[in-house]
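S.K.: Assembling the complex is the task here: the two chains are given apart, and the hints tell you how they should meet.
Taken in order, these protein sequences are the chains called P and V.
Going by our numbering, the first sequence opens with residue 1, and the numbers climb by one from there.
Going by our numbering, the second sequence opens with residue 1001, and the numbers climb by one from there.
The hints are simulated quantities; they were obtained by calculation from the structure and are not laboratory data.
Since the structure is predicted, the reported quantities are computational estimates derived from the model, not experimental observations.
All residues carry an ideal CB built from backbone N, CA and C; glycine is no exception.
Okay, derived cross-link-like pairs now, SDA-like style, lysine to any residue, Cα gap no bigger than 20 Å in a straight line:
| id | chain 1 | residue 1 | chain 2 | residue 2 |
| --- | --- | --- | --- | --- |
| 1 | P | K202 | P | E349 |
| 2 | V | K1187 | P | V161 |
| 3 | V | K1197 | V | A1159 |
| 4 | V | K1156 | P | E6 |
| 5 | P | K229 | P | S205 |
| 6 | V | K1187 | P | A2 |
| 7 | V | K1187 | P | T159 |
| 8 | V | K1187 | P | A3 |
| 9 | P | K83 | V | P1148 |
| 10 | V | K1108 | P | A271 |
| 11 | V | K1248 | V | F1005 |
| 12 | V | K1156 | P | L4 |
If you anchor each label on the Cβ, the simulated ranges turn out as follows:
| id | chain 1 | residue 1 | chain 2 | residue 2 | range |
| --- | --- | --- | --- | --- | --- |
| 13 | P | E79 | V | T1151 | 18 to 26 Å |
| 14 | P | I363 | V | R1190 | 56 to 64 Å |
| 15 | P | D298 | V | K1217 | 48 to 56 Å |
| 16 | V | D1021 | P | K229 | 53 to 61 Å |
Some chain P residues well away from chain V (every beta-carbon gap over 12 Å; in silico):
| id | residue |
| --- | --- |
| 17 | K15 |
| 18 | L24 |
| 19 | E26 |
| 20 | G33 |
| 21 | P37 |
| 22 | R43 |
| 23 | H62 |
| 24 | R80 |
| 25 | A194 |
| 26 | R243 |
| 27 | F251 |
| 28 | L313 |
| 29 | N369 |
| 30 | E371 |
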Amino acid sequence: MAALEELEREYEKAKRDRKFQARLDELLRTYAGRPTPLSFARRLTEKLGGAKIYLKREDLLHTGAHKINNCLGQALLVERMGKHRVIAETGAGQHGVATATVCALLGFECVVYMGTEDMRRQELNVFRMRLLGAEVRGVDSGSRTLKDAINEAMRDWVTNVRTTHYLLGSVLGAHPYPTMVRDFHRVIGREARAQILKAEGKLPSAIIACVGGGSNSIGIFYDFLKDKKVRLIGVEAGGHGDRLGEHAARFCGGSPGVLQGTRSYVLQDAAGQIATTHSISAGLDYPSIGPEHAWLHDTSRAEYVAASDAAALAATTLLARTEGIIPALESAHAVAEALKRAPKMKKSEVVVVNISGRGDKDIGILRENLELS
Amino acid sequence: MPLTFYNKPALVAYVTCGDPDLATTRDIVLAAIEAGADVIELGVPFSDPVADGPVIQRASERALRHGTTLAQVLTLAAELRQHAQSTGLIVFSYLNPILRMGLEKFCKVARAAGVDGALVTDLPVEEAGEYLRDMRAHDLAPVFLAAPTSTDERLKRIAQASQGFVYAVSRTGVTGQRQRLADDARKLVRRLRRATKLPIALGFGISTAEQFAEVGKFADAVVVGSAIVDMIERNPGREAAAVAHFIKELSAVSHQLSASSL
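Chain V on its own, in the form it takes in the complex (with noise of 0.2 Å):
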């Protein structure tokens, strides 16, 4: 299943396998599903997850300490695949645990679990050979993030090793709710407009139906990470229901930008 982007601007959400548990983790993404989430970028915890902030990196430690594998999350992807045919499905990983796995064995088995793609938070484009090849013999579709900060060159580098979409991010800096949304990011996505066809998700601090609404107008996806972190946090007991309600708020704003460009 190619990841397309149906509703504009789509809505990909982040979850932090793991985090309370598995069983949890299925639910809630069952339930943002429901709710609109076109894309869904299942992370796989990591120790020492330096691109996130406290909230994911507080998750990560909850995910962890149950244990939760690359292996784990690979099997809930073949599990959500058979209850979501139309969703994509990412695996947000950091390069180590897939380098332990081996690449070549992560493809194999997220091609057979139905996973559309991956994007590898630590890999850079310029170390990503093998894995490009790798990716692409699964036919799955690698993710790389493109920050403010990137060249023009590197922009270009970027694109072409792309696959499905490529992930904006909106300013310097970690995972994590902001208040306002940076001037970086618009100018971003002009600049990756120049070096792509491909849709572009913007993601980074966004956290409001207001922000969600402003990033729709000039992206064509929103990713939606620590606010549902967040709300998966402060919601024990009822964590699929909260996710699924903020997910609606948000992608009633999505179906009014497009209701009323019609």
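Isolated chain P (complex conformation) (with noise of 0.2 Å):
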């Protein structure tokens, strides 16, 4: 608690500190990328017929995926705090290879934490970890995947906290870990709701996210929030089957719970015990929510559908085809909720479908389930 309570106490520091939030915009902008563009997708959204779609592209922002802007964010914390030692969680492995980059940048040591069946399917970013100095400890028990990780991360976090920072991943864990995550993914949104009002001289009718812990989706969502007439629609992993240990679609047979610091959504057997789950995606594969997406989903402000392990697929084959990007699985899964949705709606509605990262990572797989022609 006394961790957690000088985090809060430092981040609400920084968050009205002008020159804090300078240099994290610096940074953002001239070592991260930002902004990221928004692409309208041409020839996807003739092939449809139906409404315009436009991608957010964070998968150009730099290691390839939305994470990096939480780890710099934290990464500057961890400054303030005086830390040396950043620890962390990791499920498909970006947000790993995020945090051993900014402490590659910041210079801190890095240990990352990652379930050892996560590690095989998620080689080249191992590698890359390591290849940017951090240690990375594979996690041999549970169920061996982002869980576990977490589970192993905490461990350490509370056995040497006096000297060493969790940078959690998601918008998950205990207060003030869901808020602080969400303000640093905030400019995805932020960027986004400029970008289309300029292209379109509108707002879109619905945004598209795939939903893992929940901070990409959040990131984009949130500044759409008071924007009552736009739809916020969370992609979870349909998985491939609809029994508990097929899927991770929390909001599917998933039920309040407490795991890992929070209250939210979990899916669980009877006993309360957490279920083990399945994505094609290590990033979507884990069994709770952010807190926030839970209230979201309850008082209806946004909705959360599944896209199965075939539909993501699918729909990283037809994005790499029709518009030159290959999408990681987990944004893939968004893709595939475009492509149902698109079709059904009018040719002047406007649709943005967050492209949370670069498929790259995911060559080994793709290669692995498609055939291609």
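M.R.: Structure, rendered in structure tokens:
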């Protein structure tokens, strides 16, 4: 608790500190590559024959995903707190890579915890982290995926709390993480809103984003929350079946529970044990969901649907061939939903899809699963 | 039965219920009580034991493979209560299994089983409003963890919410055996004494008679967890005997201390 309270205090101070904000903005601009473009998907729009589809290009951000927005913010807080060791959990590896990146940039010791199952399916990212100077520790307990990596990171943190900052990668965990991580990703929606108004002169009918922990989605949703006519659609991992253990769709079969410091919707069994989950995309493969999403769901401000492994794979190929963009498998879930929705919408309507990351890390999985013609 | 520590220092023994199976847990607990344990912490296995080191993690995994549930642990508690009238019984669990059962239902069933209290590992005092109301309504003692990193203000809040005893964690970290007792331990107990008149039990990392004796000098009770769970893991087929032997060694120290202070 002491560490969480210290973090909250430092974060509140930093929020009010213009120099902190200016330094973060400068790094986002000159180092990470913000602002990211909003691309009009002309050929895809024509092919589907419905709403105009725009893609928010977080795949073009340094390290290949949106994760670095949060990593830069928290890294600057680490500097303020005078700590020198940073630990993180990672699922697909993108958050691990972004953490290793900012640690190399600012000179911190870096340890990343990753489930051994995830290490196997995202080898490229494991290598990147090590090349960047981070130590990657495989976690062999439990399901050997993201939630187990989080457990191990939390164990490290409580043991080394005086010297170490836990750089949590999504809008999960105890307060202040869900709020703080969301704030660091708000820039996505802030940019997208200005960009779409400039491009179309009006707001979109819908924003679509994939939801694992929930950081890229809440990041793009947040500045549109006040625009009541804009529908916010979160796409969860439908995996390969409806039964517990075959997917990671928290809003289809999860119920309120407490995991790793947060109370939210959790996939669990009748005795309150946390369920194993499945998704072809490591980054969506998590049994709980950011509490702010639980609130958006319960207040009906946002809708949550699921896309299957198969749909995500098909969407990857289609986007690659119609727009020349290979999305991360996570982001492909959002694209899959857009493929379903756009044809049913009017040509005058606009849909914005968050491409939260690029698909290079997924080449191994894509090779295993796609038969290319 | 109020949680009273007759022997100073008292011994609080933790076991993961269902490891290797519930019947063996029953035998282990009864043997532990006979050997001198004053309070038993009945550990409920959880899929994500974030506060536990590898020994208790493995025990939890084994117990879960048998499908051990909170409900079964409470049934076991009722059975143990039949055989042990004056031993403290505390349910030691993460929050989610309790929430899934329902706080009120948990308290009702626990009270009926003769359980004295509960310690919910990942429930901080700040979030414990409903829990405290239900526990008190059913005459169950809520036990909380105090850490070396807890501020004085937080120690006061923990003390105010606690009943039975306060569980002081000896060091920053997770459960597990250690060679040396951390300096944090003595300091924490001293700070806690300023905040509470409740007995203070110190745990995490205690596995030898020497450590037990050392802690016994400044704490009212000593919690031994991973060392017992480890003994169970390493003595398949004779778990109860091994644990009883281990506890007798530790208890002998406390009898010596009591005798020497007369």
